[in-house]
Amino acid sequence: MITVENLHRHFGGFHAVDGASLRIETGSITGLIGPNGAGKTTLFNVIAGRLPPTSGRVTMDGEDITGLPPHELFHKGLLRTFQIAHEFSSMTVRENLMMVPEGQHGETLWNAWFGRGKIAAQERELAKKADEVLEFLTISHLADERAGNLSGGQKKLLELGRTMMVDAKIVFLDEVGAGVNRTLLNTIGDAIIRLNKERGYTFCVIEHDMDFIGRLCDPVIVMAEGKVLAEGSADNIMKNEAVIEAYLGTGLKNKTVGETA
Amino acid sequence: MTDFLNAIVALSNFVLIPGAAYGAQLALGALGVTLIYGILRFSNFAHGDTMAFGTMATILVTWGLQSIGISFGFLPTALIALPIGIAITGLLLLGTDRAIYRFYRKQKAAPVVLVIVSIGVMFVMNGLVRFIIGVGDVNFADGARFVINAREFKEMTGLDEGLALRSTTLITLVTAAIAVALLFWFLNKTRTGKSMRAFSDNEDLALLSGINPERVVAVTWLIVAALATTAGVLYGLDKSFKAFTYFQLLLPIFAAAIVGGLGNPLGAIAGGFVIAFSEVLITYAWKKVLVYLMPENLEPSGLVQLLSTDYKFAVSFAILIIVLLFKPTGLFKGQSV
Amino acid sequence: MTARGFLLYAGMALLIVLTGVFQGWNLALTILNMGLISAIMSLGVNLQWGFAGLFNVGVMGFVALGGLAAVLVAQPPVVEGWNAGGLRLLGALALGAAVLIAAVQVWKRKIGGQMRAMVMLALLIGGFFLFRAALDPAVNAIEAINPSLSGYLGGLGLPVIVAWPVGGLLAAGAAWIIGKAALGLRSDYLAIATLGIAEIVIAVLKNEDWLSRGVKNVVGLPRPVPYEVDLQRDAGFVEAAAGYGLDPVTASTLWVKILYSGLFAVVLIAILFLAQRALASPWGRMMRAIRDNEIAASAMGKNVTARHLQVFILGSAVCGIAGAMMTTLDGQLTPGSYQPLRFTFLVWVMVIVGGSGNNYGAVLGGFLIWWLWVMVEPLGLWAMELITSGMAADSWLRGHLTDSAAQMRLMTMGIILLAVLRFSPKGLMPER
Amino acid sequence: MAEPHLIGEAMTGGYGRGADILHGCTLSVDKGEIAVIVGPNGAGKSTAMKAVFGMLNLRSGSVRIGGEDITHLSPQDRVAKGMAFVPQTSNIFPSMTVEENLEMGAFLRRDDIRPTIEQVYDLFPILRDKRRQAAGELSGGQRQQVAVGRALMTQPSVLMLDEPTAGVSPIVMDELFDRIIEVARAGITILMVEQNARQALEIADTGYVLVQGANAYTGTGAELMADDEVRRTFLGG
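Chains as they are written, first to last, in my numbering: chain A, 16 to 276; chain B, 127 to 463; chain C, 104 to 535; chain D, 12 to 248.
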């Protein structure tokens with residue numbers, strides 16, 4: 016379980032995250048929605064160690080993880096994907112997956128030079144696992160393609176695939192659907208549900224496609240102006256006046272056109 | 127009291143005046159580096175050799191003037207030659223930009239690629255200078271040597287310590303002040319100067335405002351040519367001209383620009399003086415000053431020199447590292463890319 | 104290696120052979136030996152730039168540290184010097200190190216900001232004067248001993264080959280310090296920091312006479328191979344040389360060079376082998392991932408800063424090894440001869456021209472650029488003579504042009520670098 | 012009937028060689044009127060605006076201003092044709108003073124720009140007080156005023172605003188919308204993208220609701236406000 020307590024992140028005078036508090040329950044697929052500039056991605060970046068918070072606290076299963084660097088969070092089982100895909104473009108799709116698992120023998124120089132036997136055995140296992148992941152994601156035919164040549168949607172799948180190479184506890188998905196066509200989005204959705212059911216992954220998903228959110232997520236958290244505005248099931252959220260208001264705009268609720276002019 | 131005055135004079139003579147002159151030279155060099163960084167967005171390793179080239183061009187013109195009997199009275203002839211030297215250097219830089227840098231700009235190449243390209247340019251310019259003028263020591267300062275010399279000063283004041291003000295030092299300070307004033311006037315008051323600052327601030331918005339990037343780039347190179355040539359000539363007048371010493375100025379110049387905050391002109395000037403004074407203060411043998419200030423029995427036996435002058439690079443370097451560790455954007459806020 | 108690679112290597116071999124045929128085998132072997140050393144330096148820079156995108160322009164400093172290692176390891180110790188102040192000097196150095204460590208510890212303590220800075224500053228300033236008070240007398244005592252011949256502490260008197268790994272270690276130590284300070288900042292900053300450390304290393308070598316005799320140079324370093332005069336006195340060698348139709352003097356010169364080539368080739372092949380193995384392993388995959396996208400690599404659990412530090416140290420160590428080998432080949436340490444254009448930027452030309460990211464390319468670049476560096480001067484002179492052949496023999500311009508031909512090198516290297524960057528930015532042997 | 016001042020007709024295209032984001036999207040605004048593009052996140056609102064300004068490749072469709080086809084002009088050339096664009100972010104020169112920002116806006120003009128600067132100051136009085144201050148030191152709302160002011164300095168016939176109220180407080184937002192109406196009254200055509208749909212539609216003469224890069228609903232602001240379907244659209248459709 017992740018808890019975020021009164022988190023602030025300011026950029027100069029701009030308060031991107033302005034006192035957000037939320038919980039992500041273990042085993043859930045939590046949706047995070049809100050208008051552009053609501054602070055969703057900044058919140059992700061702070062939780063995932065990309066940005067230090069201005070103030071506030073993040074804990075994971077009771078342990079304070081505020082401000083830990085991303086690679087340490089990875090070792091704790093907290094993984095993330097990116098809004099704009101961050102693939103390793105000069106490497107093949109399979110290599111992109113095989114690099115992920117931690118503590119590989121061949122990652123120390125000594126073993127790279129003198130421990131070939133051990134590495135070979137481990138590499139075979141990794142390759143097998145990578146191929147399983149690719150099959151799961153229905154992109155086996157792309158295994159030897161350079162990741163840089165993939166389409167936007169395929170890169171998103173690859174990013175999801177990377178999180179499947181290890182036993183993640185919680186995965187943060189930043190706009191998995193951006194630039195992805197409907198069919199591929201359904202594939203991604205299926206994969207997320209299966210990972211959640213079969214492997215017990217916890218997910219936190221930023222997404223704008225409300226169908227997608229509605230199908231996958233419970234609960235859904237709505238952010239606006241750097242704060243958490245509402246939380247509930249997808250159905251309730253869509254009926255919530257405050258949420259509709261946030262999307263439609265604030266400020267002039269009580270005014271009429273005449274007054275404005 | 128006399129001792130105290132003597133100490134002040136010694137300090138001025140050996141620390142303050144040379145430090146100020148060196149600081150002015152570094153500041154002019156760092157201004158060039160920082161302008162290129164702010165507008166063209168890369169660290170130009172060829173800057174030291176640009177200074178060498180500009181100085182060489184000025185020296186050649188000086189010789190030409192001298193050979194037809196033109197001189198500048200008690201001022202060095204190089205000052206008349208300076209504008210022509212700047213023009214020649216400007217042509218070279220515009221040519222370099224057209225032939226080399228523009229290609230990478232159009233490609234939107236990564237800054238580090240441009241840095242490597244500038245290393246290639248550095249080689250060529252360095253070779254060019256060596257080819258044309260050779261590697262020997264060239265002393266091209268003519269005119270009066272001193273404004274005040276030590277003997278006259280002693281006679282005038284009756285102090286034991288002499289204060290020598292070399293004319294090149296005075297020229298350095300005056301010329302540098304004029305150059306900086308002109309630069310700031312240009313950047314802050316003229317349309318073109320403002321468009322350069324706008325371009326440096328926000329390139330995309332500058333384009334939306336109809337500012338022509340190629341013109342901004344060309345003007346930048348011309349200003350850089352003026353700054354680099356002036357800095358190089360002043361340094362050469364003060365010391366002497368040698369093809370490779372200018373390459374070695376690269377480190378203190380970059381240190382000055384970074385300490386001040388890369389991309390910030392005001393910072394470059396401050397950085398130049400910070401580096402120069404630190405260098406002089408730390409490598410100066412303080413005995414000369416201290417003998418006047420300390421009671422006789424406490425007078426130091428050694429030279430009281432913190433570091434040998436050969437370690438002056440270490441001073442730039444140490445200041446640089448301290449700033450990098452504790453204030454990476456520099457003393458004045460520079461751009462961060 | 105690709106077919107293109109084999110062709111390029113064959114062409115390089117042909118260049119050296121042709122040099123041997125037309126200009127003598129002595130020159131060809133001299134070029135080959137420095138080519139081998141250059142190739143190792145080039146490999147070192149390629150590790151940093153090609154594998155990890157780290158911009159090191161302090162190669163010269165690491166090479167010079169390797170040279171210092173040759174002196175410290177191989178020269179016989181100067182007993183009088185040690186007696187005069189050796190231990191005091193070591194004590195002073197230990198004191199200096201202790202002050203620095205203490206300062207770092209103070210900085211790491213989480214006490215109030217102002218207080219912490221003041222304590223650290225006081226510690227550093229006080230420590231500096233203590234250090235100088237301890238060091239200076241020891242240095243003066245050591246340097247006073249027979250300054251025209253020694254005036255320094257000498258070395259350990261071990262076989263000079265031992266200096267090669269030691270040179271690597273010295274360079275690695277310096278790289279660790281720089282890396283700790285400047286890695287993780289912008290690439291320009293690392294560049295300037297490395298440029299600075301290189302100048303400082305050279306300044307130390309030039310000034311600290313007790314360590315390296317400064318500009319008085321250390322000459323007559325022991326060799327890992329026999330001396331020519333000894334070979335000429337060896338009946339067996341003379342006889343064998345006669346068998347090839349060579350006079351003993353020529354034969355001994357060539358044989359010594361061939362022996363050096365053999366030693367250097369072994370080192371080059373070993374380093375190349377290790378570099379290739381590392382690149383092809385999961386370690387190499389991780390490094391490529393980091394170079395492709397640091398943010399994603401970090402999110403996938405890789406400690407980017409630690410890996411950068413590792414590869415930076417490794418590449419610098421390789422340069423240090425090459426530096427020790429070069430000083431061994433020269434038989435002397437001449438601190439005044441280290442120039443950044445020659446030892447830093449020329450190595451960069453080698454890497455870029457050869458093909459950054461490709462070890463075979465870096466090695467090829469090392470050989471090719473070194474060959475050109477040596478050959479440009481005679482070629483330039485020849486070209487100048489051709490150009491000026493129509494001019495009067497006493498013409499001013501003719502004299503100037505012929506004299507300046509020696510300066511053609513830098514310009515040629517610059518033009519080659521610019522041409523490769525423009526028309527073949529991946530180099531002769533692209534990464535993939 | 013005369014053609015509207017600004018038309019982006021049946022625009023289809025995307026960024027670079029990527030997939031199409033716009034699918035036959037049409038936008039038009041009359042002189043002195045305000046058109047607002049609204050729609051759910053990711054519907055292609057900003058993209059549609061950028062297409063009108065020439066910042067992406069159109070595969071088909073055209074853009075015309077005052078009857079003249081400008082489909083193939085670069086953004087800079089469109090500025091010369093009387094278009095002004097205020098980007099959503101980094102829309103000021105932060106180290107330059109407010110007045111210098113305005114001067115840079117008028118960079119292409121050779122005539123006297125003092126009257127225009129005075130007009131901008133009349134429109135945004137706070138900027139007159141802060142004229143000597145670096146724009147980067149101003150608050151979010153004041154920066155947006157500088158940005159709009161800079162765009163007005165070319166004396167454009169069309170002003171395009173990409174989410175001018177993003178990240179400013181509601182009170183400032185009101186103020187900004189008031190000023191935008193004032194600008195329109197002066198005869199300038201306004202095309203803007205807005206997150207705050209309700210408020211924006213209240214001042215709009217025409218509203219375009221985009222969904223997945225295509226026109227979903229078009230009408231006067233009031234009509235759209237009253238439409239339940241439109242309200243639903245904002246939470247996905």
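Some hints could be false.
[What the hints assert, rightly or not] Dumping the calculated DSS-like pairs for lysine-lysine here, alpha-carbon to alpha-carbon at most 27 Å: (1) C/K529 / A/K91; (2) A/K242 / A/K254; (3) D/K92 / B/K232; (4) D/K42 / D/K92; (5) C/K283 / B/K234; (6) B/K453 / C/K529; (7) C/K319 / B/K453; (8) B/K413 / B/K365; (9) B/K368 / B/K280; (10) C/K211 / A/K91; (11) B/K368 / C/K319; (12) D/K42 / B/K315; (13) A/K184 / A/K143; (14) C/K211 / C/K319; (15) A/K143 / A/K91; (16) A/K133 / A/K91; (17) A/K144 / A/K133; (18) C/K529 / B/K232; (19) B/K365 / C/K529; (20) A/K242 / A/K144.
Just so you know, the hints here were simulated from the structure itself, not pulled from any lab data.
message: For each hint given before, does the structure comply? Return the numbers of the non-compliant ones in rising order.
response: 1, 5, 6, 7, 9, 12, 14, 19, 20
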